[in-house]
Amino acid sequence: MEKSVKNDKKYSGAAKRTIRSIGAVLGALLLIGTMVAPSYAQSYPDKPIRLVIIFPPGGGVDNVGRIIATKLSEALGQPVVPENRAGAGGNVGLEFAAKARPDGYTIVHSTESLTMSPGLYNRLNYDPVKDLQPIAQTAVSPILMVIRPDFPAKNLKELVEYAKANPGKVTYGTGGVGSAPHLGGEMLKSLAKIDIVHVPYKGVVPALVGMMGGEVDMAFLTPAAAAPQVQAGKARALAVLGNTRALLLPDVPTAKEAGIDNFVVTGWYGFLAPAGTPQDIVNRLSVEVNKITAMPEIRENIQKFGVEPVTGSVPEQFAEFIKAEIPRWSKVAKDANIPKID
Amino acid sequence: MKVELRNNKDFFTGLLFIAVGLTAMVISLSDYPLGTSLNMGPGYFPSLMGGILTAFGLYIMARGLIKGEKIAGAWGIRPLILLNLGVMAFGFLIDRFGLAPSLVVLFFISALGGKEFKFKEVLILTVLMTVASWVLFIYGLGIPLRLFVWEN
Amino acid sequence: MLDHLIFGFSVALSLQNLFYCFIGVFVGTLVGVLPGISPLISISMLLPITFTLEPLSSLIMLAGIYYGAQYGGSTTSILLNLPGEASSVITCMDGYQMARQGRAGPALAIAAISSFFAGCVGTVLIGMFGPPIAELALKFHAAEYFSLMVLGLVAAAVLAQGDMVKALAMVVFGIVLGVVGTDVSSGRQRFTFGIYDLSDGIGFTIVAVGLFAVAEVVKNLENTETTEVFTAKITSLMPTLADMKASVNPTLRGTALGSFFGMLPGAGPAISAFSAYMLEKKITKDPSRFGQGAIEGVASPEAANNAHVQCSFIPTLTLGIPGSPVMALMLGALMIQGIAPGPQVMTRNPDLFWGLIASMWIGNLILVVLNLPLVGIWVKLLKVPYRWLFPCIFMFICVGNYSLNNSAIEIYLTAGFGVLGYILLKLECEPAPLILGYVLGPLMEDSLRRAMLLSRGDPTVFFTRPISLAFILVTVLLLITVIMHGLRKKREKGS
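Protein chains in written order, with our numbering: chain A, 59 to 400; chain B, 3 to 154; chain C, 2 to 496.
Everything labelled a hint here was simulated from the structure, so no lab data went into it. Hints are supplied without guarantee of correctness; some may be wrong.
What the hints assert, rightly or not - To spell it out: a stretch of chain C is covered by chain B in this simulated footprint if at least three of its residues, at any positions, have a beta carbon under 8 Å from a beta carbon of chain B; those stretches are:
| id | segment |
| --- | --- |
| 1 | 39-51 |
| 2 | 372-380 |
| 3 | 388-398 |
| 4 | 448-458 |
Stated by the list, open to error - From the structure, some residues in chain B lie toward chain A, with a derived Cβ separation under 10 Å:
| id | residue |
| --- | --- |
| 5 | PRO35 |
| 6 | PRO103 |
| 7 | GLY144 |
| 8 | ARG148 |
Glycine residues also receive a C-beta, built at the ideal position from the N, C-alpha and C atoms.
Can you make the complete structure from the sequences, with help from the hints?
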């Protein structure tokens, strides 16, 4: 008797959920549909806002951008429509945003590419500092250093010793030349004074596959890609290249804890607008974005992509951060002899 | 023996391959480092492939001079130009004016490339398909396209 | 195994999951029909919506979009020579010819049926052999990939119809086009001429749509006498018994090839379709029928791309390694639901794993039920006067290619490839080998350079690794049989 009551309850719960989720699907479609409907509100925003995402669909910056865009649409009362403009390591989207009309109806969700590009490209068609107005940082993503489980070194110190004893023998894979993980590997070379060989892959996942299949000895990866393999014992994480430990892998020491100081490589995501966007609009957006990144369920969703949400990032402080990061990356790229891209 | 070059199929095929192959080879040899076979540079593979393509082009060109086969049928210059012009116009207008104006221009220019052009028909078709594409792409699939862009 | 499957069905057959399965395959079919609108774009747009759903329902829906797109992709290939998805380029070759002969109905039906069969087999394969196969796939290093690419390209050229030299040249042409973009090993931009939009290479749909669809429309309009393109009388909507019989073995072979490639992370479904088509052409008694509307040329690649898509779930689900950007999105969907993808998914979330597998089978069934009655409607589309049809084809081309990256430059490129495609068509150069070279070229360069870097410049690595050696041996064997065949022909001619 009791059992059947329970089942009924369960069923009705599922039915309710079904109805709710159908509603959600329809609601979302309607929301997208209203983007062309005229609206007569007096103040900003009175029409849909274009959110440029500088990488293709499916990456962390895309996912986090879309999570925030959904909430931002609710907060602003106008749809925030994500638009992927990928290419040239994110510079296609950044240039697009830098040259867009500064009226608050175009914003961009960027990554650390913004601060790395000046050190990697001979010529950029926009100025990362002068042409873009920072709004708020949304997340940070520390780089993770992982190694094959059957590799003789068990921790960062042993790895450095092993690499010193076998110069030019240890290989490391990354998702591409000039990516944050690549700069991480080059930083390790100069900080620990070891000779290890960079093997670039076309993307983070191929690099992960290469490491798991034993093609390369270790890899510098994002926590999102590496964490499941580390948890399953298919890869061993030596260090996280951040100031604090990674949320997904709390047992993995930071590089400092593992014995190398100043070995910090952190990716980030954040919103920017074209320079010249009215200050009150920038401030309004900054406040709304920070409200969203403070919501527990949003924080939880962002964390699930292996990145850590940032809240309380104000435009001035974000701008300072960007200004400070650019020369730092340029120096790493120069020290590592990474040829500049035309 | 006088060789007829006009409409010589293999001659022009060879010429096309040589043009592409040589371009690839010259650019990669002059601009991109070759590297070594251990650590190949960005120029290694394209210059090799460009060279192979040029060689194929030379062979096919020579064969064309011997065989002298002609290109079959007339060239459809009018549809070729108008259809692709329509596509280019769409690309030029979409960011500046939005989907609806771009589609109008695309439909009219490309329809001119057809065999018969009836203004009324094209107009009806344009209106119908613009509405259909709004329903399908913007409303249904939620693709970030705007029907009209007024700014700029 | 059986208990697991029954359990899976009991989960997947709930009203809610059936509903999302239907939504998924329906959207997938739609997305597949539209060129340029890829499953990747639509899945990423639907991702935030799935936050409110249960994990299994959201996964079922997203998976449905992905494999549903493979069904839809063949439709426009057959009807209009307009490849809706990368994997359906091959279907254009014989499918479109069948449509011109008034046999669009059987072509569409066979495409759906062979896809269904391949989908079923793929589902069973995931359930039975998923984990061990995924482990095996990791043994594929750069050397193996390179040897596999060589085999694929040699086979393509050797088996191409007509002019072998031209086909080989077209393969190389494709490889050269594939070089455009950022060099993986050095980060350098090659042949981009300062255009940002080219830094990730020329989009596949741009090349395929330009060479196939644009060129075909121009050709249809070139002579002023005939006004209609689809003049052949439509004989029947459904395949005949002879059609079905002819398709059985190709479907089986296509399924096998597609399953194999699907398990390799990084190999797209286009490779499966290509190799399946080439295999059929190699073993048929009369290769000249291919490209002229051979039903095997539809059945086999369609089976291959669908098997591929199903099997590409294996590395994703069992190892947590996404083989493609779409799979990376699926992993994202899992993670947002709080499920750590990876080796433990099968034991920790059996309802999810087996429920998804069962839903894939159900989804394939829905697709067949959905697609077969649609055949009649699609075929009627061909009765629309061509002067109305072709501007609409161009609308889909433009909107689709624009929405890839919201870039006008890609539209200009489409026009450029349309012109190139028409010139190649007039010069009687088959576009298919070019496309193959274009797809495989970058993989080939990447694996060659990495293999050499890892072996410290020692080229024997291609012969000392057993799997790589096997591919090399098959390549040599293929070349020998072709040369022997040629010699025998010559001798026969001489005597």
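Verification of the hints:
no. : hint    : in the structure
1   : 39-51   : holds (count 3)
2   : 372-380 : violated (count 0)
3   : 388-398 : holds (count 8)
4   : 448-458 : holds (count 6)
5   : PRO35   : holds (9 Å)
6   : PRO103  : violated (14 Å)
7   : GLY144  : holds (4 Å)
8   : ARG148  : holds (7 Å)
The structure fails hints 2 and 6 (numbered hints given earlier, in ascending order).
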